[in-house]
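Novice: Here are the chains, one letter per residue:
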Amino acid sequence: ANVPVKLQLKWFPQAQFAGFFVAQAKGFYKAEGLDVTLLPIGDQSPIQTVATGAADFGTTWITDLLTARQQGLPVVHIAQLFQKSGYTLVALKSSNLTDPKQFAGKRVGVWPSGNEYPAVALLKKYGMTTSLDSTVAKPSVQAVTYPFDPSLVFPDKVDLVSAMTYNEIDQIVGLGYPLDKLKVFNVSDFGINLLEDLMFTTQKTLDSKNFKNSGMSGQEVAARLVRATIKGWNYAVANQKEAVQIVLVNCGNTCKGSGTRSNAAGHQTWQMAEVAKLYKAGQTLKGNAGLLDRATYNANVKLLMDLGILKAVPSAGAVNYSVWEEATGKKAK
Amino acid sequence: MASRTVALGRVGARGLPGLGWLTLLLGLALLLAAVWNVWNFPLDGVPPARKALSLALIVLGVGAGMYGLAALARRTGGLVPALLAALLTLIAVEGLLRAYGVPPGLIPTPTRVATALYQSRAVLLTDARVTFAQEALLGYLAGVGAGIAVALAAVRFPFLERGALPYAGLFSSIPIVALAPVIVKAFGLEWPSKAIIVAITVFFPVVVNVVRGLQSANPLLLDLMQTYAVTPAAAFRLVRVPSALPFLFNALKIGSTLALIGAIVGEFFGTTGQGLGFRIQIEAGRFNLDIVWAAIVIASVLGIAFYGVLSWLEARFTGWHASRRQPG
Amino acid sequence: MTAAAPVPALRERGQPAVHLKDLNMVFRGAQGDTVALKDATLDIGQGEFISLIGPSGCGKTTLLRLMADLITPTGGDLLVGGRSPAQARQERAYGYVFQAPALLEWRTVLNNVLLPLDVMAGSANRMPKAARQARAHEMLKLVGLEGFAARYPWQLSGGMQQRVSIARALAFDPGLLLMDEPFGALDEITREHLNGELLRLWQETGKTVVFVTHGISEAVFLSTRVVVMTSRPGKIEGVVDIDLPYPRNVETRESPRFFELATRVRELLRRGHGFDADHQAR
Amino acid sequence: MTAAAPVPALRERGQPAVHLKDLNMVFRGAQGDTVALKDATLDIGQGEFISLIGPSGCGKTTLLRLMADLITPTGGDLLVGGRSPAQARQERAYGYVFQAPALLEWRTVLNNVLLPLDVMAGSANRMPKAARQARAHEMLKLVGLEGFAARYPWQLSGGMQQRVSIARALAFDPGLLLMDEPFGALDEITREHLNGELLRLWQETGKTVVFVTHGISEAVFLSTRVVVMTSRPGKIEGVVDIDLPYPRNVETRESPRFFELATRVRELLRRGHGFDADHQAR
Amino acid sequence: MGGNLGPMLIVAVIALLLYWPLMLAVNVGAAQRSLNSGAELGCATAIACATQLRNPVLPAPAQLGNSLRAMSVPPMAPTSVPYNTLVTAGETVVGLLIASALGVGLAVALVASRAFERVTLPWLIASQTVPVIALAPMLAVVLGQYGVQGWLPKALIAAYIAFFPVAVGVAAGLRSPDPMQEDLLTTYRASGWQTFWTLRLPASLPFLFTSLKVAATAALIGSIVAEISTISFSGLGKMLAENSRASDTLALWVIMLYGAGLGIALVAVLGLIERLVTPWRAGQSR
Ligand SMILES: Nc1ncnc2c1ncn2[C@@H]1O[C@H](COP(=O)(O)OP(=O)(O)OP(=O)(O)O)[C@@H](O)[C@H]1O
Ligand SMILES: Nc1ncnc2c1ncn2[C@@H]1O[C@H](COP(=O)(O)OP(=O)(O)OP(=O)(O)O)[C@@H](O)[C@H]1O
Ligand SMILES: Cc1ncc(C[n+]2csc(CCO)c2C)c(N)n1
Ligand SMILES: [Mg+2]
Ligand SMILES: [Mg+2]
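Those sequence lines, one after another, are chains A, P, W, L and E.
Just so you know, the numbering used here puts 106 at position 106 of the first sequence, and the rest follows in order with no gaps.
Just so you know, the numbering used here puts 280 at position 280 of the second sequence, and the rest follows in order with no gaps.
Just so you know, the numbering used here puts 8 at position 8 of the third sequence, and the rest follows in order with no gaps.
Just so you know, the numbering used here puts 237 at position 237 of the fourth sequence, and the rest follows in order with no gaps.
Just so you know, the numbering used here puts 38 at position 38 of the fifth sequence, and the rest follows in order with no gaps.
Keep in mind that the hints were calculated from the coordinates and are not lab data.
What you are looking at is a predicted structure, and each value in this text was computed from that prediction instead of being measured.
Mixed in with the good hints, there may be bad ones.
Here are a few chain P residues that sit away from chain E, every Cβ distance over 10 angstroms (derived from the structure) [stated by the list, open to error]:
1) Leu25
2) Asn37
3) Leu43
4) Gly45
5) Pro48
6) Ala85
7) Gly101
8) Thr111
9) Thr115
10) Leu117
11) Ala122
12) Leu125
13) Arg156
14) Ser172
15) Lys185
16) Arg240
Cross-link-like lysine to aspartate or glutamate pairs, in silico, DMTMM-like; alpha carbons within 25 angstroms at most [as the list claims (entries may be wrong)]:
17) Lys209(A) - Asp306(A)
18) Lys157(A) - Glu40(E)
19) Lys106(A) - Glu190(P)
20) Lys212(A) - Asp44(P)
21) Lys209(A) - Glu161(P)
22) Lys138(A) - Glu190(P)
23) Lys157(A) - Asp44(P)
24) Lys212(A) - Asp43(A)
25) Lys311(A) - Asp44(P)
26) Lys181(A) - Glu40(E)
27) Lys51(P) - Asp207(A)
Computed Cβ-Cβ distance ranges for the label pairs, DEER-style [claimed, not checked]:
28) Gly266(A) - Pro192(P): 50 to 56 angstroms
29) Leu22(P) - Ile71(L): 31 to 37 angstroms
30) Ala62(E) - Phe190(A): 53 to 59 angstroms
31) Pro192(P) - Val269(E): 53 to 59 angstroms
32) Gly169(P) - Phe233(E): 51 to 57 angstroms
Glycine is no exception: its CB is placed at the ideal position from the N, C-alpha and C atoms.
Using the sequences plus the hints, can you model the full thing?
Specialist: The following block contains the structure:
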């Protein structure tokens with residue numbers, strides 16, 4: 001019998017997780033002896049479901065993982081899928097904003113719940129502060145929080161709005177603002193490359209000698225999971241049309257865009273193309289899909305410490321390279 | 001609601017501070033020992049023997065404490081037993097969380113929450129001001145005012161009572177959460193949208209209760225007014241309004257708890273960066289659950305105070321009412 | 001009875017204080033109609049003291065409520081002081097003591113008695129505030145409750161509450177008093193005391209009184225005429241003229257004539273009663 | 001009175017049914033103590049019919065509640081059938097008719113009458129279900145309500161409700177009946193009818209009855225002795241032996257002796273009354 | 001309520017008539033701002049756009065009707081609103097049942113023990129003033145730790161929010177019998193249980209139902225919040241969350257309508273049960 005594994009995604013089902021859905025649909029997980037359930041989630045952090053054992057593995061982004069560890073949750077990074085940040089701030093071209101330096105005095109829309117850090121980091125880099133920082137009395141930028149839907153605030157209530165390249169930008173287009181009317185500030189272009197979709201688990205799972213009485217160790221289950229997932233991603237990126245079809249089967253109400261582009265197939269095709277760009281970058285281009293780039297990681301840690309979000313350098317236990325090594329048979333450099 | 005039970009301030013006959021206090025103090029001591037026993041260890045570093053000892057102490061301490069508290073509560077009224085119960089529970093929880101090494105990112109210990117409460121007091125107070133004074137209070141006042149106005153109209157014009165009031169009953173069973181996103185979308189992210197959510201949630205119970213109250217006037221008293229041939233307005237003022245007061249206060253108290261919850265939920269659907277709901281949401285995302293709990297503590301303290309003030313006003317203005325009479 | 005300018009009193013007109021002719025009252029209800037009053041005919045003279053007596057549910061209260069314009073007859077004629085009941089009510093021509101005390105529980109005893117005076121302060125029979133207070137205290141004294149002015153109604157026994165409501169009805173000195181079992185909740189001695197007071201008041205002021213009671217001797221003792229009613233449907237069974245001499249006092253109650261009249265009333269009552277009427281479900 | 005095995009009746013013991021010696025009851029309250037009963041001494045014989053009469057608030061209800069073990073005296077001796085009131089209550093030695101009907105609104109009239117039989121079904125005076133039903137119907141007939149068995153209390157007039165509560169108290173055939181103004185809400189004819197029924201019942205069964213009333217003639221008509229009480233503090237002012245012959249009927253009420261006794265009671269009442277007692281706030 | 005039908009219909013018609021100009025007024029503003037900002041809405045003027053905005057402030061009746069139809073069929077598909085309404089209804093009902101059991105038990109304890117009341121009651125009141133909604137996600141996480149997943153945590157959170165009104169209402173009800181009625185049973189030497197079953201419990205039923213109606217709404221809020229904030233594969237809350245992310249305002253309106261309908265239906269059902277269980281109140285004026 002296959003080993004039952006619960007994997008916590010970090011959002012509702014969509015092409016952002018194409019690799020996982022493909023691995024499942026194509027039987028890559030089965031081939032590894034795993035019976036994987038993919039769990040969707042809304043606003044909450046995937047960390048908590050994994051830390052409490054409601055799920056065995058999860059995907060999240062780096063800030064979430066490191067802040068959680070700082071608060072005593074023993075979560076461990078095991079694979080890095082997206083090598084590049086897809087976080088952007090979007091303005092109307094007509095606003096004549098061309099450089100982050102001009103953001104002072106503007107209103108910036110950000111998502112709460114820990115999703116606000118890339119924006120904060122970018123602003124800080126240009127010497128600006130926000131009301132999100134509780135220690136600041138007179139912030140130079142007014143931050144507006146809202147639950148992800150850009151139409152709530154853009155363009156009426158904010159000058160700049162948060163958007164993932166693969167989702168919200170297309171939603172904004174759907175609201176009636178084609179790309180040529182938008183100015184997109186990709187935070188990774190400004191040196192803020194806080195890493196996103198990664199895989200993690202708990203130290204306890206990794207340490208278990210006999211994962212759920214399967215006869216396999218936790219480490220081995222993790223390695224098989226990572227191996228099949230990378231295979232799934234490689235397939236999805238290579239066969240995007242097919243991948244989108246597989247995603248659409250899984251996504252119920254959640255896959256549509258908004259406004260005039262409120263059509264699931266079209267929106268997910270956009271999304272697939274965009275996440276493929278985030279996947280096919282950095283270490284993936286060097287043939288090391290799934291590997292966490294040490295330099296980027298160190299830069300991320302430094303950035304978070306500069307922001308005051310991390311109080312100390314995370315212990316070495318925060319990242320486990322051996323799972324990736326066991327999964328790929330390569331040596332992590 | 002709890003008209004008969006909310007005797008928060010009454011102190012019963014006091015007996016000798018005997019066995020009850022003694023066992024309670026013993027229980028507290030045992031619990032403090034349990035906490036001290038596992039105080040300075042890393043989360044995953046509590047030696048099994050210490051953990052076992054603390055658990056044993058907690059079981060004994062809670063047992064002794066509850067026994068003492070029960071004996072005490074039989075003689076002591078007012079808030080004292082309840083506060084002692086809270087103290088007992090908090091120390092026991094502190095001990096349990098420390099003994100099991102529960103990470104603060106999951107459940108913070110009471111001492112951490114207290115610390116956060118102190119350290120973040122400035123921010124939290126500003127948040128509380130926005131959530132309470134602007135969103136909850138203004139929304140509450142607007143909702144109550146509109147509710148009373150509509151209730152008066154409904155009683156004045158029977159057509160409205162028959163045609164519109166049933167809808168008020170129906171609307172009052174609509175869940176706020178289903179309402180909140182639509183309203184935030186319609187009225188924007190600033191505090192007025194939250195005040196509107198609050199106003200709507202408060203509005204319906206006020207309408208329903210005030211109408212019921214105005215109609216609860218003793219028909220005999222209305223007949224009496226007839227025999228005096230007074231104007232409808234005078235009959236209203238002399239008989240209907242006083243009869244409605246107990247019902248109004250009931251609605252005001254229900255509304256007070258709904259108001260805070262409405263404001264906080266409203267903030268989950270978008271803010272300009274202030275408020276207790278915003279704070280809870282943002283800090284939960286950063287795993288700063290100590291601040292989250294501190295915000296919750298502030299919200300409930302405000303809620304209790306709000307409720308208390310209303311109860312006090314109720315006692316002042318409806319002291320004549322049957323439910324407030326001393327027996328005998 | 002010094003204070004309060006008298007109401008433009010009914011008795012000045014020389015008409016019957018109350019005039020009923022074939023008066024009918026039918027309550028329409030979901031489970032059928034109730035004939036509460038059938039073809040009642042009666043003239044009550046100025047300054048009379050009329051008692052209504054009859055079994056429970058025979059329409060005594062209904063009759064009083066008709067006179068007070070609290071309900072409208074379904075047939076027949078009704079005049080109060082020569083005018084329609086509605087007009088009489090507008091002119092505040094009568095005082096009404098309800099079967100239950102009907103006190104405003106949020107007003108003290110004194111303020112309850114002051115209520116009609118306050119309410120009418122704006123109208124023709126205006127009184128300065130001090131006079132109103134004095135008048136209210138006087139009325140409380142009359143019913144033996146001057147020590148309870150500052151109490152709330154719930155602090156009083158049922159009988160005391162009833163007395164407050166009597167004081168209240170007397171306070172504005174109406175020419176016509178409609179009293180629905182005002183002394184029902186009182187013990188016999190208090191009751192007799194108040195009977196005496198009421199009689200005195202009636203004699204001194206020349207008011208017309210319509211008085212509902214279950215007490216035969218009370219009715220005989222107080223009245224100029226006793227009207228005996230029967231139930232299902234409510235009808236006037238007979239009228240007994242009470243020719244007892246004045247002043248009426250303790251001896252009156254012990255006179256053979258009193259006994260005779262009481263027996264007449266009892267007989268009439270028994271005739272129309274049929275205790276069995278209650279045995280069957282309506 | 002055929003059904004129901006009689007309770008191990010008090011009358012079999014040859015002791016007074018109720019024995020009071022210097023009985024005191026003081027209610028302690030925030031605004032001071034109320035002496036509701038002061039040094040009451042009285043022996044009630046087996047099979048006696050005792051009426052308690054006295055002004056409102058003189059302690060009549062208090063005395064009944066003491067006998068029923070609903071409150072505990074603050075001083076003096078009290079024995080019910082030779083035992084403590086508590087024990088008498090445990091033995092279900094008495095039936096109590098409260099001043100208000102105290103019906104359970106969710107039970108039909110019949111089920112209200114069945115209530116004591118149901119509650120006691122498990123105990124010594126057990127009765128099969130059919131017998132209980134028959135008994136309840138019999139009691140309803142006695143009070144003239146057999147047509148109303150299936151109604152709910154709110155569908156009845158106040159007087160009818162009171163009669164249901166009397167039927168309920170009689171249902172389990174207690175040896176001692178404590179009745180607190182049971183006929184207060186009834187018109188005089190119905191009242192007289194029930195007086196007759198109660199008298200018949202009492203004679204047939206030899207029950208002991210302690211009966212509170214405001215009606216002097218009712219008290220005289222029914223009782224073997226009338227106990228007159230005074231208020232503030234509640235005391236026994238005097239006891240009047242009623243030596244009227246049996247059977248008592250309409251003629252009894254018209255006899256000179258009846259009149260004499262009633263006057264005696266009235267005098268006693270008046271003596272201890274001091275209508276003025278009510279004038280001052282407590 | 002039958003006699004109110006005519007006036008209710010008239011009011012409904014008036015409300016609908018007033019809705020149209022109101023909707024136009026608010027939407028024209030929004031459309032104008034969008035057009036000013038250069039959006040391509042597929043319509044030329046603000047007036048023209050007002051009834052066909054993708055994100056209207058107030059939806060046009062036709063839009064709402066279309067969405068309602070589209071989201072309601074096929075009724076039992078996992079993506080349709082009726083199906084998800086049923087899911088939420090199930091969680092709410094189970095939550096309400098748990099809340100009733102808990103609330104009644106608590107009420108009995110409160111009435112039985114003065115000491116228990118003194119120790120717990122202030123905290124029960126406080127628990128009402130705590131934004132339970134903020135606690136729901138954490139509660140779900142804690143429950144998840146013990147393998148409580150799926151619909152059960154939603155029902156438990158619903159129960160947590162709903163038990164208080166039940167407890168307070170029933171406690172008041174258990175205390176409601178007239179002291180004289182209690183005395184009556186004392187004279188029968190009725191046991192505590194007999195007094196409870198024959199007197200207190202029936203006396204508390206009207207109170208129970210009044211508070212159950214309040215609790216039903218609270219439970220509905222609880223289960224929707226729980227669906228939003230915990231892992232859910234179905235339910236109104238899950239649909240709200242999804243569609244809010246997808247900027248689908250019309251869908252939000254449709255879901256809201258279904259939620260309102262569910263709340264109203266729950267209260268109506270309770271009213272029906274109340275009539276069956278308390279027949280003695282049938283003709284009484286309340
Ligand atoms: N509003 C009403 N609707 C229907 N029936 C009514 C109404 N008011 C009174 N009745 C009926 O009219 C009849 C007379 O009632 P009324 O109150 O006048 O009796 P009463 O003589 O005053 O009795 P009691 O001595 O009990 O006060 C009764 O049968 C009663 O049921
Ligand atoms: N529970 C109590 N607490 C304080 N005082 C009480 C209590 N019960 C009765 N009293 C007082 O005791 C006195 C006697 O009351 P009780 O009810 O026995 O009078 P009663 O003779 O039955 O009067 P009524 O004819 O009005 O029924 C009254 O002054 C009353 O105020
Ligand atoms: C469509 C879509 N929108 C937002 C997120 C949430 N999210 C994922 S990464 C990130 C930024 C942090 O660097 C955020 C906000 C998502 N997963 N999918
Ligand atoms: Mg009447
Ligand atoms: Mg009494």
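Novice: Each hint: holds or not?
Specialist: Results of checking the hints against the structure:
1. Even its closest Cβ contact with chain E, about 16 angstroms, leaves Leu25(P) beyond 10 angstroms, as expected for a residue assigned away from the interface.
2. Against chain E, the non-interface label of Asn37(P) holds: every CB pair exceeds 10 angstroms, the least being about 25 angstroms.
3. In this structure Leu43(P) is separated from chain E by more than 10 angstroms, as the shortest Cβ-Cβ distance comes to about 16 angstroms.
4. Against the 10 angstroms criterion, Gly45(P) stays outside the reach of chain E, whose nearest CB is about 21 angstroms from its own CB.
5. Annotated as non-interface, Pro48(P) keeps its C-beta farther than 10 angstroms from every C-beta of chain E; the closest such distance is 21 angstroms.
6. Separation of Ala85(P) from chain E is inadequate, the least Cβ-Cβ distance of about 5 angstroms not exceeding the 10 angstroms criterion.
7. Residue-level check passed: Gly101(P) sits 14 angstroms from the nearest beta carbon of chain E, beyond 10 angstroms.
8. Against chain E, the non-interface label of Thr111(P) holds: every CB pair exceeds 10 angstroms, the least being about 18 angstroms.
9. Non-interface status of Thr115(P) relative to chain E is upheld: no Cβ of that chain comes within 10 angstroms, the nearest being about 19 angstroms off.
10. At roughly 15 angstroms from the closest C-beta of chain E, the C-beta of Leu117(P) stays outside 10 angstroms, upholding its exclusion from the interface.
11. The non-interface label for Ala122(P) is consistent with chain E: the shortest C-beta to C-beta separation is roughly 21 angstroms, beyond 10 angstroms.
12. For Leu125(P), the condition that its CB be more than 10 angstroms from all CB atoms of chain E holds, with the nearest at approximately 17 angstroms.
13. At the 10 angstroms boundary, the C-beta of Arg156(P) stays outside the reach of chain E, the nearest C-beta of that chain being 15 angstroms off.
14. With a closest Cβ-Cβ approach of about 7 angstroms to chain E, Ser172(P) is found to fall inside the 10 angstroms limit, against its non-interface label.
15. Its beta-carbon lying about 6 angstroms from the closest one in chain E, Lys185(P) breaks the requirement of being farther than 10 angstroms from that chain.
16. Taking the minimum C-beta to C-beta distance to chain E, about 18 angstroms, the non-interface status of Arg240(P) holds against the 10 angstroms cut.
17. Pair hint Lys209(A) plus Asp306(A) does not hold up; C-alpha atoms about 39 angstroms apart against a cutoff of 25 angstroms.
18. Simply put, Lys157(A) and Glu40(E) have alpha-carbon atoms about 19 angstroms apart, close enough for the 25 angstroms limit, and the pair holds.
19. Between Lys106(A) and Glu190(P) the alpha-carbon distance is near 16 angstroms, which keeps this suggested pair within the 25 angstroms criterion.
20. Restraint check: the Cα-Cα separation between Lys212(A) and Asp44(P) comes to about 22 angstroms, which is no more than 25 angstroms; the hinted pair holds.
21. A distance of roughly 71 angstroms separates the Cα atoms of Lys209(A) and Glu161(P); the hinted pair therefore is violated under the 25 angstroms criterion.
22. The suggested pairing of Lys138(A) with Glu190(P) holds, with an alpha-carbon distance near 19 angstroms, which does not exceed 25 angstroms.
23. Between the alpha carbons of Lys157(A) and Asp44(P) the distance comes to roughly 47 angstroms, so the proposed pair goes past 25 angstroms and is violated.
24. Only pairs whose Cα atoms come within 25 angstroms are accepted, and Lys212(A) paired with Asp43(A) is rejected, the gap being roughly 29 angstroms.
25. Note on Lys311(A) and Asp44(P): the hinted pairing holds, with a Cα-Cα distance of about 20 angstroms set against a maximum of 25 angstroms.
26. For the suggested pair Lys181(A) and Glu40(E), the alpha carbons sit about 10 angstroms apart, so the restraint of at most 25 angstroms is met.
27. A distance of roughly 22 angstroms separates the Cα atoms of Lys51(P) and Asp207(A); the hinted pair therefore holds under the 25 angstroms criterion.
28. Distance hint check for Gly266(A) and Pro192(P): the Cβ-Cβ separation is about 37 angstroms, which falls outside the suggested range of 50 to 56 angstroms.
29. Taking the beta carbon of each, Leu22(P) and Ile71(L) are about 35 angstroms apart, inside 31 to 37 angstroms as hinted.
30. Evaluation of the 53 to 59 angstroms hint for Ala62(E) and Phe190(A) yields a failure: the beta carbon distance comes to about 46 angstroms.
31. Distance hint for Pro192(P) and Val269(E): a CB-CB separation of about 36 angstroms, inconsistent with the stated range 53 to 59 angstroms.
32. Distance hint check: the CB atoms of Gly169(P) and Phe233(E) are about 34 angstroms apart, inconsistent with the given range 51 to 57 angstroms.
Of the numbered hints listed earlier, those contradicted by the structure are 6, 14, 15, 17, 21, 23, 24, 28, 30, 31, 32.
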